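> Sequence:
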Amino acid sequence: MKKSYKARKLAVSVGLAFSMAFGLSACKQEVFEAVATQPIAFIGSDITGTGFGKNVGGINQDGNPVSFKDYKDKVVVVFFGFTQCPDVCPTAMAELSQLMTKFTPEEAAQVQVVMVSIDPERDTPEMLKAYVSAFDERFNAITGTPEQIAQLAKSFKAFYKKVAHTNGTYSMEHSSSLYVLDKKGESRILFKPGTPVEDMEKDIKSLF
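Under mature numbering (1 follows the signal peptide of the UniProt record, and there is no 0), residues -28 to -1, 1 to 180 are what the sequence shown spells out, in order.
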């Protein structure tokens, strides 16, 4: 079982105390200190330092301006989708709903799932609120102008494309990864489609 960051830090402190007591070399002390600064080993892809979600925003499910700064002190899980998506989106949202059941009420209060609509033409705040609430009443959503959505997607390096049909309707192609921001609003983890819920749970808990 992997040690938590706090456990590793405690081990380093004990190691340093022993090194001072028994006269270990300065080189070995530097090794101990280096361990304390090692990043958390995520199961998902580590995207620390990418700056996803900075200085972008839109309109939330209640029709109010919102940015990811508004979710400070929560671990935020971001998904790009749209309400008329036939398969990928409902599957991802159902998995996120299942994920929330893995947390205690105290832990769940520290997590915020946010779906960003890549179909602002059809996805009004009211539609998004009904859609995400059907999976979990605690879920939030973001829509906005086409320009705002383009900026949001660009910030996360998320792909989407409008695909016209011969009958005059259209659908949306889009990437389906999940992005996790820590409580300071820094991008930390990317979960690829198909990541087990248990793995997501472990990674997210490491950010509490």
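None of these hints come from the bench; they were simulated from the model. Since the structure is predicted, the reported quantities are computational estimates derived from the model, not experimental observations. Heads up, a few of these hints could be off.
[To be verified] No farther apart than 25 Å at their CA atoms in a straight line, the calculated lysine to any residue pairs in the SDA-like style are these: (1) K174 <-> I31; (2) K133 <-> Q120; (3) K74 <-> A102; (4) K134 <-> N32; (5) K101 <-> F14; (6) K155 <-> V38; (7) K164 <-> A66; (8) K74 <-> Q120; (9) K134 <-> T63; (10) K44 <-> G21; (11) K177 <-> A81; (12) K46 <-> K156; (13) K164 <-> G35; (14) K156 <-> T63; (15) K46 <-> E93; (16) K177 <-> E98; (17) K44 <-> P58; (18) K101 <-> A81; (19) K133 <-> E98; (20) K177 <-> I31; (21) K46 <-> R94; (22) K156 <-> A102; (23) K26 <-> E119; (24) K156 <-> D171.
[As the list claims (entries may be wrong)] Computed Cβ-Cβ distance ranges for the label pairs, DEER-style: (25) S39 <-> T63: 23 to 33 Å; (26) T96 <-> D171: 48 to 58 Å; (27) I12 <-> K164: 28 to 38 Å; (28) T20 <-> P58: 17 to 27 Å; (29) F180 <-> E119: 32 to 42 Å; (30) F180 <-> T117: 29 to 39 Å; (31) T63 <-> R110: 16 to 26 Å.
The beta carbon of each residue, even a glycine, is placed where N, CA and C say it ideally should be.
> Check whether the Cα positions of K177 and I31 lie no farther apart than 25 Å.
violated (28 Å)
> Given the hint that K74 pairs with A102, does the C-alpha gap stay at or below 25 Å?
Within the cut-off at roughly 23 Å; holds.
> Sort out whether A66 lies within 25 Å of K164, counting only the CA atoms.
holds (15 Å)
> Take the C-beta atom of I12 and the C-beta atom of K164, compute their distance, and say whether it sits inside 28 to 38 Å.
18 Å Cβ-Cβ, so the 28 to 38 Å window is violated.
> Checking one constraint from the list: CA of K44 to CA of G21, max 25 Å. Satisfied?
holds (17 Å)
> Look at the Cβ atoms of F180 and E119 and judge whether their distance stays inside 32 to 42 Å.
Hint holds: Cβ distance 35 Å, inside 32 to 42 Å.
> Within 25 Å, alpha carbon to alpha carbon, are K156 and D171?
holds (22 Å)
> Can the restraint linking K174 and I31 be considered satisfied, given a maximum Cα separation of 25 Å?
violated (31 Å)
> Can you confirm whether the C-alpha distance between K133 and E98 stays at or below 25 Å?
Given pair K133, E98 holds - Cα atoms ~23 Å apart, limit 25 Å.
> Are the Cα positions of K177 and E98 separated by 25 Å at most?
It is violated: about 31 Å lies between the C-alpha atoms, which goes past 25 Å.
> Are K156 and A102 close enough, with their CA atoms no more than 25 Å apart?
violated (29 Å)
> Has the given pair, K74 with Q120, been kept, meaning a C-alpha gap of at most 25 Å?
violated (33 Å)
When held up to the earlier numbered hints, the structure conflicts with 1, 5, 8, 13, 14, 15, 16, 17, 20, 21, 22, 26, 27 and 28 and fits the remainder.
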